[in-house]
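J.: Sequence:
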Amino acid sequence: MKIEENKSLHPYHTFHLDIRVKYFTEAKSVDELKEIINSEIFKSNSHLILGGGSNVLFTKDFEGLVVKLSLPGVQVREESQDEVIIKVGAGVVWHELVMQCVAKGWGGIENLSLIPGTVGAAPMQNIGAYGVEIKDVFHSLEALEVESGKTRTFNNNECEFGYRESVFKKGLKDKFIITSVTFVLQKEAKVNTTYGAINETLASWNIEHPTIADVSRAVIHIRQSKLPNPDEIGNAGSFFKNPTISGETYERLRNEYSDMPGYPQEDGAMKVPAGWLIEKDGWKGKTIGQIGVHKNQALVLVNYGNGSGHDIWELAQQIQASVKKRFGIELSAEVNIV
6 MKIEENKSLH PYHTFHLDIR VKYFTEAKSV DELKEIINSE IFKSNSHLIL GGGSNVLFTK
66 DFEGLVVKLS LPGVQVREES QDEVIIKVGA GVVWHELVMQ CVAKGWGGIE NLSLIPGTVG
126 AAPMQNIGAY GVEIKDVFHS LEALEVESGK TRTFNNNECE FGYRESVFKK GLKDKFIITS
186 VTFVLQKEAK VNTTYGAINE TLASWNIEHP TIADVSRAVI HIRQSKLPNP DEIGNAGSFF
246 KNPTISGETY ERLRNEYSDM PGYPQEDGAM KVPAGWLIEK DGWKGKTIGQ IGVHKNQALV
306 LVNYGNGSGH DIWELAQQIQ ASVKKRFGIE LSAEVNIV
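Counting from 6, one number per residue, gives the positions in the sequence shown under the numbering used here.
It is possible that some hints are incorrect.
Here are the simulated EDC-like cross-link-like pairs (lysine to aspartate or glutamate), alpha carbons at most 16 Å apart as the crow flies [to be verified]: (1) LYS330 x GLU284; (2) LYS178 x GLU163; (3) LYS300 x GLU284; (4) LYS175 x GLU165; (5) LYS109 x GLU150; (6) LYS246 x GLU335; (7) LYS178 x GLU165; (8) LYS140 x GLU165; (9) LYS65 x ASP36; (10) LYS276 x ASP264; (11) LYS155 x ASP141; (12) LYS155 x GLU193; (13) LYS109 x ASP87; (14) LYS178 x GLU152; (15) LYS12 x ASP23; (16) LYS192 x ASP286; (17) LYS192 x ASP23; (18) LYS178 x ASP219; (19) LYS12 x GLU31; (20) LYS39 x ASP219; (21) LYS246 x GLU150; (22) LYS39 x GLU152; (23) LYS195 x GLU163.
Now the in silico label distances, taken between C-beta atoms and shown as ranges [as the list claims (entries may be wrong)]: (24) SER13 x LYS231: 25 to 35 Å; (25) ARG257 x SER34: 26 to 36 Å; (26) PRO77 x ASP264: 20 to 30 Å; (27) SER251 x ILE8: 44 to 54 Å.
No lab work stands behind these hints: they were computed from the structure.
Since this is a predicted model, take the numbers as computed values, not measurements.
We put the beta carbon where it would ideally sit given N, CA and C, even for glycine.
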């Protein structure tokens, strides 16, 4: 176990802020991870498990131990004529996994192309995009219990998946470290093109019978046209969750804002795009010093160079207050604030 002190986290998170951490180490195997959580330095300091760093905002230096999770590996566990079950290490880069599966003709996660981060964070967040969520292809996961050091397997129900959340963000937060995730993928996959922009993109390419590779290519095209590349402009993707409001509240707001989009939920509620609310409230493209709201996607807060996490969080809170005042709707951060 190698411990580094006073290390910069600039390369380890996608906001690329100049944050320093008191102690830093990396786990490249489950055995290394067990050694780390049994160590005195882990037990006597606050600690943070870091995957791709694509869903975290550091508001100040971290006075504890950061553990970079780099567990590798993609294994075929079972395979039949129709489906394949794969077990994937938590440190595998998500988009690289998607590309591997698409290349092999294994369908189910192509709509989740180009989502930043690592596999271990996928079930924690129940990541989703363009009509697909992790829970749709999830089989099980293995996680290390921090207190006991024992490995436990969780099935779909036990993960308690919800909109951008799971039991690992609620009742079991900080109690388990996900080490691997197992997915069920289809060999003769039916493509999901329910999202309008995917259909429009495929139509513009004159593709009438898309394959999973076509859908993946379309999703990548859409995301690249709307979202800034974190390697070029620091960001963590969607900063806020799309809020859910009552059908009654939605109809009242529609009387005032006839162009307000809404997506019906099973319980009669309506999900409203947070990006639309923020843009309608005049925040899209606003710049304050070295930070701001992206010009093409109001849901994305950006660091243009030397911004601070504190300033980004202050901007986020200003947006929350402004949207609440105008629409009476509360926005919740999708990004983890540290």
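J.: Any hints this thing doesn't respect? Which numbers, in order?
T.: Violated hints (numbers, rising): 5, 9, 11, 12, 16, 17, 18, 20, 21, 23, 25, 26; every other hint is consistent with the structure.
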